[in-house]
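Visitor: Chain by chain, the residues run as shown.
There are 4 protein chains.
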Amino acid sequence: MAVILPGSYTWCMSKGRLEAFSDGVIAILITIMVLELKIPEGSDLLSLRPMVPVFLAYVLSFVILGIYWNNHHHMLHATDRINGAILWANLHLLFWLSLIPAVTAWMGETSSAPVPTAVYGVVLLMAGMAYYILSNTLVRLLGPNSTLAIAVGKDIKGKVSVVLYAAAVPLALVNRWIADGIYVFVALMWLVPDRRIESKLKASRSSVA
Amino acid sequence: MAVILPGSYTWCMSKGRLEAFSDGVIAILITIMVLELKIPEGSDLLSLRPMVPVFLAYVLSFVILGIYWNNHHHMLHATDRINGAILWANLHLLFWLSLIPAVTAWMGETSSAPVPTAVYGVVLLMAGMAYYILSNTLVRLLGPNSTLAIAVGKDIKGKVSVVLYAAAVPLALVNRWIADGIYVFVALMWLVPDRRIESKLKASRSSVA
Amino acid sequence: MAVILPGSYTWCMSKGRLEAFSDGVIAILITIMVLELKIPEGSDLLSLRPMVPVFLAYVLSFVILGIYWNNHHHMLHATDRINGAILWANLHLLFWLSLIPAVTAWMGETSSAPVPTAVYGVVLLMAGMAYYILSNTLVRLLGPNSTLAIAVGKDIKGKVSVVLYAAAVPLALVNRWIADGIYVFVALMWLVPDRRIESKLKASRSSVA
Amino acid sequence: MAVILPGSYTWCMSKGRLEAFSDGVIAILITIMVLELKIPEGSDLLSLRPMVPVFLAYVLSFVILGIYWNNHHHMLHATDRINGAILWANLHLLFWLSLIPAVTAWMGETSSAPVPTAVYGVVLLMAGMAYYILSNTLVRLLGPNSTLAIAVGKDIKGKVSVVLYAAAVPLALVNRWIADGIYVFVALMWLVPDRRIESKLKASRSSVA
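Same order as they appear, the protein sequences are chains A, B, C and D.
Using our numbering, the first residue of the first sequence is number 1, and each one after it goes up by one.
Using our numbering, the first residue of the second sequence is number 1, and each one after it goes up by one.
Using our numbering, the first residue of the third sequence is number 1, and each one after it goes up by one.
Using our numbering, the first residue of the fourth sequence is number 1, and each one after it goes up by one.
Treat the hints with caution; some may be incorrect.
As the list claims (entries may be wrong) - From the derived model, a few chain B residues whose C-beta atoms are all more than 12 Å from chain C:
| id | residue |
| --- | --- |
| 1 | Lys38 |
| 2 | Met51 |
| 3 | Pro53 |
| 4 | Val59 |
| 5 | Ser111 |
| 6 | Ala130 |
| 7 | Tyr132 |
| 8 | Val169 |
| 9 | Met189 |
Said to hold, decoys possible - Covered stretches of chain A, as calculated for chain B (at least 3 residues, CB under 8 Å):
| id | region |
| --- | --- |
| 10 | 17 to 31 |
| 11 | 65 to 76 |
| 12 | 166 to 174 |
Honestly, the hints are just simulated from the structure, not real lab data.
Beta carbons are placed, not taken as given, at the ideal position from N, Cα and C, and that holds for glycine.
In isolation and in its complexed conformation, chain A is listed as follows:
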């Protein structure tokens, strides 16, 4: 009666469940942020004005979470097995991402006051470092010759993001608009999709075929 699943299939499910769980958390985060978009008090156009900074903060965080989902998707796409360390490195990343709705609302409602803007940067910095740790843990598991390792390469963009976020945190206390500019710049830098992995994958596939 028992169904014996071949080993490879169960590993694949493992990865699938990790992806599904991460998708679930990111989907919820991206959606509950909207709960912070409190309904305006009045019913005329003027009552929309205090919503503007809240809305802009929402757009920025939506794009940032979209980028994380997208990159996470590409990275696990090039992964064929996982282990306990990766499960926890992934949960660590999700922890920092889970703080984004709260700091987005704080930054938005204070019209990007210095301290909330710096705290927003701290969360992005920690998320960036958590992503770096996750990608390193994956490369260590899969080996330096794996598709993933070659595709990730030196990960210049990832390192630049972390350095820029680290700079934005103290700068937010000096001039918050510089910090906001850095957050937008890093997001735009990533909106260029991670063609590195996609192209390497395509190459490795055609060489197999």
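Go by the hints and put chains B, C and D onto chain A.
Guide: Relative to chain A, chains B, C and D alone:
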């Protein structure tokens, strides 16, 4: 030990993860709207009366999100691969859908005041355009002879919806009931399921078999 | 480059996506109900006392949603294809289930006052009827000789539930405890798992093997 | 036209749906906890100070839910079929987990006052016992010679956790810091991943291959 997934399988997973993520976001949106259905103050039938416009707005948005999920489902059903542009076109659609709970609550609580009704129309208009962009991006990827391209065809219904929403926004400021009528009409128009794709799919399948 | 998915596989995905979407909505409903469990004001045991009716209402609705998930799971288990009508019958069921958190909170916070208790019954009644419509739509699609049709049979339990809920609504206005007793009774009646389908499935499987 | 799914495949889907539903609920719980992280009133560093106990409680509960997800993942990994009893044992576990956000917020906002700290322990105790019931139900289904039964073994860690939680509840009323220390200790004990199951699985696989 490593499991080598064949290329076709990984592409399929890719599409599966996009569907799962979209399902997740739409499922959450459809459900968190209910959080705006604040509990009545009293405990008698009269205390339900101010809930009526909120409830009607909720029903309308529930149906609209259901239609998007349904059509999204059919469209990706007829799709066999995705790429980075589609991931982002999809996230763009989800962004506008994610604003529906907030504008539904605003429209409902102001008993469909002119400005909230117009803003509701703006969000539906942008979502309609985002859906159009997504479907065009898919057709460009899959080619003009793909099942999807033939099934989508000239997409009269999609274009009519966008034009009607564009008309409803200024009309809401003149007479809000006209705008509400348009929103209901467009929803009813789509409740007729997208038999075009379904029938084409069935045809292409039987011709293969 | 394109991956041609065989027809059977795509149908299977279709059903999978319907299940995943329904699971998502029910999982969210079961979890956001907890958001209504507002934190007590004080920090002593006495401050837990007003939570008691809220908690009991929460337990009841948690069990009811669990039963729906469970039965939904068994019913779709015995289903091998779906169509547009089923997608909408399913969304209709999810609509009524989505109102459960709001009416649970209303009933709980008013310590089961007559009107909230009756409204709770109305939502359960509509959900019961929506489930009945969904199961009938499935039987019509799959045919009277399908595993599902035989397993569902006359569905005595489903019909009895609907009748009991219909009786509970007016009774709640007379004596709310009778209505509460009916809600608990129907839940207990269903906690006996739907062995009909499970046993028929097992039978049909062993006859194939 | 109908697709006949082989029995083994449908069982596998069953397990998949149970996993997906559990993942969904845990993902939502882990994410809605963040909704309790209310935005600070002011916009300076001092306004972050009352957030500290709330944040620490959040970190603890995030880690505990992460551990449950992780162990749940490993346990079902080693499972090849499920039945109705397991569905309900699983829902019972999810019920107690679903109370974690509310008790976390209560404990955090009262800076770990005695009663909220004890109530937090009650929920963890019940969740621990629910997990134990689930694992026993699985072992009973799969038999004493199954991979799962061997891997779970005597489950010392599970039993120790339940005993420690049972001790923490009355201790919280005497000295809350002892209880908090116990909660942290149990979490750290589990952060060591459940290598038992992982290594047994690897062993059984290599012996098959």
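Visitor: Now look at each hint and say whether the structure bears it out.
Guide: Hint check results:
no. : hint       : result
1   : Lys38      : 8 Å, violated
2   : Met51      : 9 Å, violated
3   : Pro53      : 15 Å, holds
4   : Val59      : 8 Å, violated
5   : Ser111     : 19 Å, holds
6   : Ala130     : 20 Å, holds
7   : Tyr132     : 21 Å, holds
8   : Val169     : 27 Å, holds
9   : Met189     : 15 Å, holds
10  : 17 to 31   : holds (count 9)
11  : 65 to 76   : holds (count 4)
12  : 166 to 174 : violated (count 0)
Of the hints listed earlier, those the structure fails to meet are numbers 1, 2, 4, 12, in rising order.
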